[in-house]
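With chain A held as given, fit chain B onto it using these hints.
Chains as they are written, first to last, in my numbering: chain A, 1 to 324; chain B, 1 to 321.
Hints may contain errors.
[What the hints assert, rightly or not] A few chain B residues that don't get close to chain A, going by computed Cβ distances all over 10 Å:
id: 1; residue: PRO138
id: 2; residue: ARG193
id: 3; residue: SER251
id: 4; residue: GLY267
[Unchecked claim] A few chain A residues facing chain B, derived, Cβ under 7 Å:
id: 5; residue: ASP223
id: 6; residue: PHE224
id: 7; residue: LEU226
id: 8; residue: ALA227
id: 9; residue: ARG229
id: 10; residue: ALA230
id: 11; residue: ARG231
id: 12; residue: ALA233
id: 13; residue: HIS242
id: 14; residue: ASN246
id: 15; residue: PRO250
id: 16; residue: ARG289
id: 17; residue: PRO321
id: 18; residue: ARG322
In case anyone wonders, no lab produced these hints; they're calculated from the structure.
Here the structure is a predicted model, which means the values were calculated and not measured.
Where a beta carbon is used, it is the ideal one built from N, C-alpha and C, also for glycine.
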Amino acid sequence: MRAAALGWFVLRRLLHAVPLLFCVVVLNYALIASTPGDPVTVLVGDFPAPAEYKTQVRHDYGLDQPIPVQVARYVTRVLHGDLGYSFANRQPVLSLIAGRLAATLELTATALGFSSLLGIALGVLSARRPDGVLDRAVRGLATAGYALPEFWVGQMLILVFAIWLGWLPSQGAHAIRGVAPGWAGIADGVRHLILPALALSLRYLALIARITRGAMLEVLGADFILAARARGASERAVLIGHALRNAAAPVITVIGFNLGFILAGSALIETVFGWPGIGRLLFDSIGSRDYPTMMGILLVVSATVVAANLATDILHRMLDPRVG
Amino acid sequence: MSPVLDIRGLRVALRDGTRLVDDVSLHVDAGEIVGLVGESGSGKSMTAYAALGLFPTPHARIAGGEIRLDGTDLASLTPAAWRAVRGARIGMVFQDPSSFLDPLLPVGRQIAEAFYAHGQGREAPARVSALLEQVELPASAAARYPHELSGGQKQRVLIAAALAMRPALLIADEPTTALDVSVQAGILDLLKRLRADLGLAVLLITHDLGVIAQTCSRVYVMYAGQIVESAPTAALFRAPRHPYTLGLLASLLSPAVRQEALFSIPGTVPPARAMPDGCRFHPRCPLSLPDPCAARPPPLRAHGPGEDRCWRADEAATAWA
Numbered sequence: 001m002r003a004a005a006l007g008w009f010v011l012r013r014l015l016h017a018v019p020l021l022f023c024v025v026v027l028n029y030a031l032i033a034s035t036p037g038d039p040v041t042v043l044v045g046d047f048p049a050p051a052e053y054k055t056q057v058r059h060d061y062g063l064d065q066p067i068p069v070q071v072a073r074y075v076t077r078v079l080h081g082d083l084g085y086s087f088a089n090r091q092p093v094l095s096l097i098a099g100r101l102a103a104t105l106e107l108t109a110t111a112l113g114f115s116s117l118l119g120i121a122l123g124v125l126s127a128r129r130p131d132g133v134l135d136r137a138v139r140g141l142a143t144a145g146y147a148l149p150e151f152w153v154g155q156m157l158i159l160v161f162a163i164w165l166g167w168l169p170s171q172g173a174h175a176i177r178g179v180a181p182g183w184a185g186i187a188d189g190v191r192h193l194i195l196p197a198l199a200l201s202l203r204y205l206a207l208i209a210r211i212t213r214g215a216m217l218e219v220l221g222a223d224f225i226l227a228a229r230a231r232g233a234s235e236r237a238v239l240i241g242h243a244l245r246n247a248a249a250p251v252i253t254v255i256g257f258n259l260g261f262i263l264a265g266s267a268l269i270e271t272v273f274g275w276p277g278i279g280r281l282l283f284d285s286i287g288s289r290d291y292p293t294m295m296g297i298l299l300v301v302s303a304t305v306v307a308a309n310l311a312t313d314i315l316h317r318m319l320d321p322r323v324g
Numbered sequence: 001m002s003p004v005l006d007i008r009g010l011r012v013a014l015r016d017g018t019r020l021v022d023d024v025s026l027h028v029d030a031g032e033i034v035g036l037v038g039e040s041g042s043g044k045s046m047t048a049y050a051a052l053g054l055f056p057t058p059h060a061r062i063a064g065g066e067i068r069l070d071g072t073d074l075a076s077l078t079p080a081a082w083r084a085v086r087g088a089r090i091g092m093v094f095q096d097p098s099s100f101l102d103p104l105l106p107v108g109r110q111i112a113e114a115f116y117a118h119g120q121g122r123e124a125p126a127r128v129s130a131l132l133e134q135v136e137l138p139a140s141a142a143a144r145y146p147h148e149l150s151g152g153q154k155q156r157v158l159i160a161a162a163l164a165m166r167p168a169l170l171i172a173d174e175p176t177t178a179l180d181v182s183v184q185a186g187i188l189d190l191l192k193r194l195r196a197d198l199g200l201a202v203l204l205i206t207h208d209l210g211v212i213a214q215t216c217s218r219v220y221v222m223y224a225g226q227i228v229e230s231a232p233t234a235a236l237f238r239a240p241r242h243p244y245t246l247g248l249l250a251s252l253l254s255p256a257v258r259q260e261a262l263f264s265i266p267g268t269v270p271p272a273r274a275m276p277d278g279c280r281f282h283p284r285c286p287l288s289l290p291d292p293c294a295a296r297p298p299p300l301r302a303h304g305p306g307e308d309r310c311w312r313a314d315e316a317a318t319a320w321a
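In isolation and in its complexed conformation, chain A is listed as follows:
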């Protein structure tokens, strides 16, 4: 019964996502097309090219058409799985993004997983004894973590752990010599992952710890917590079995909501750490006015955010029998 209702809900939400993504594509295109600057300059270079040549290039790429026509053409191509051609990289955008997406997912999933697990744990422990030593430490850490800009944290981590201490590499996703086979390669990947993932996590770790702490404190004052204790439930059963379950809704919302920001934040972190992901690709494509690449990445990020919101809603419905 509930499973069937959940199935319909997911289907309905997926259908809602279609017009949403369509609007995102149109808006992205319109915004970028209305910015000053001529992509043809990038393509033909800065030297004074003959006007006929520029007109020819514009015509080849359909840039001489009115913007609504350009948008319609772009949407049609996207629907056929064609995200366009990157002028700057001389490569189809789809294969360009596909080659970089795995690195970004590795970085963002690690950061999100790490900040969620540790943030929830710290929030729960912090709420256990409000104003205790641990609670004060977590609150201090949370304020600092939220206030510090992530690119600065990234640079400081490089300075301390890569340059001064020399413990961890500072650039790239694996050693420059190439990927070693087997466990050595995996260990090398992990060593490269630690600093950028840490820099990217800190802000969300702080946020999730704070939200968890607040939600837990509220739930721990509820009558049903007293009732569970009156049944002899252990502190652990009370905290995890009752309190965290009831406190989960706002925490899940915050995690889902921030997935988009983590992806956006990874643009800066990937740039600082030379991480070969779509974040750095986006940064580079903005610099080189590589519009098809920019739009392709924005589309992928939008789709991810829509998917994260959907996952958040599904989790809410699975956790709370009163919803839906």
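Chain B in isolation, oriented as in the chain A frame:
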């Protein structure tokens, strides 16, 4: 026979020293329903929570006295040993079944919680159906969530959860207050039947003398953190000896019968931080005298099968008669 619950000289205080419960002694025997009656703020719920070693506010603590359960003083136990008592030897039923059930868990899980808490999780599934049957709910109710049940059904679930480990003592804190009048009688009948079937000792906390009259064999009346009168229920209703009890009983009578001047209680319970000198009830008492009532606190004195804490108990008893 020694009592199941024997509270002696219990004091509950806030961290700043404010006394919420002051020198309360009471006992409950096996197979007996004992009432603890008083207005809100009288300390009756705090007395009950003290027996569990749990308080709804983190600032309250037990400041003295003994809480003997089958002869063992709970107040001297370590926190872990006291947890082993909760839900196992003492079950508790609460006022508002809607807020005392976890909204995200099926009620069967909450009934089974005591089994898991006390290391008998393997028996839980089989015992939950039997417990539901005992409180007159279908076994299928175990899979329901609290929001799918009525108030009366939820209270039955809480009773089943409290009885899971076959405790010797059941504490019921205003178990019918949040329920519709039509449902209240069913819950009280259930408590009476469980007392008879299981030989339970029940401490029933209420502000409602009508509930006491229907269920209890003995009554303690609390006012401002103290026991002011105790007696077998019939004796208390027939011949009350404390002016506060008189006032409570008079409030049950119709206005035509009530002698307003004597039996209504003006004002409210004094706050725990500002207890009046002398008898704590004297500012509201129609019989109070400057001396001794306002000057010296009255002791709790035995009278027949009961006790009263009033300098003018004889005058009060005469006035009621």
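Hints versus structure:
1. Once the 10 Å rule is applied to beta carbons, PRO138 (chain B) is consistent with being away from chain A; the minimum gap is 18 Å.
2. Annotated as non-interface, ARG193 (chain B) keeps its C-beta farther than 10 Å from every C-beta of chain A; the closest such distance is 22 Å.
3. Every CB of chain A lies more than 10 Å from the CB of SER251 (chain B), the least distance being 28 Å, so the non-interface label holds.
4. With a least beta-carbon separation of about 30 Å from chain A, GLY267 (chain B) lies farther than 10 Å from that chain, consistent with its non-interface assignment.
5. Taken as an interface hint, ASP223 (chain A) checks out: its beta carbon lies about 4 Å from the nearest beta carbon of chain B, inside 7 Å.
6. The restraint placing PHE224 (chain A) at the interface with chain B holds, with a minimum CB-CB distance near 4 Å, inside the 7 Å limit.
7. Interface restraint check: LEU226 (chain A) against chain B, minimum CB-CB distance 6 Å, threshold 7 Å, status holds.
8. Taking 7 Å as the C-beta contact cut-off toward chain B, the hint placing ALA227 (chain A) at the interface holds, the least distance being around 4 Å.
9. With a cut of 7 Å, the hint placing ARG229 (chain A) at the interface with chain B holds, because the nearest CB-to-CB distance is about 5 Å.
10. A least Cβ separation of about 4 Å between ALA230 (chain A) and chain B falls short of the 7 Å threshold, and the interface hint therefore holds.
11. At about 4 Å, the closest approach between the beta carbon of ARG231 (chain A) and any beta carbon in chain B falls short of 7 Å, and the interface hint on this residue holds.
12. Checking ALA233 (chain A) against chain B by beta carbon gives a least distance of about 5 Å; that is within 7 Å, so the hint holds.
13. Restraint check, HIS242 (chain A) versus chain B: the minimum CB separation of about 5 Å is within 7 Å; hint holds.
14. Look at ASN246 (chain A): its Cβ gets to within about 6 Å of chain B, closer than 7 Å, so that hint holds up.
15. Because the beta carbon of PRO250 (chain A) sits about 14 Å from the nearest beta carbon in chain B, more than 7 Å, this interface hint is broken.
16. The restraint placing ARG289 (chain A) at the interface with chain B is violated, with a minimum CB-CB distance near 52 Å, outside the 7 Å limit.
17. The beta carbon of PRO321 (chain A) is positioned within 7 Å of a beta carbon in chain B (closest approach about 4 Å), and the interface hint is therefore held.
18. The closest approach between the C-beta of ARG322 (chain A) and any C-beta of chain B is roughly 5 Å, which is under the 7 Å cut-off, so the hint is satisfied.
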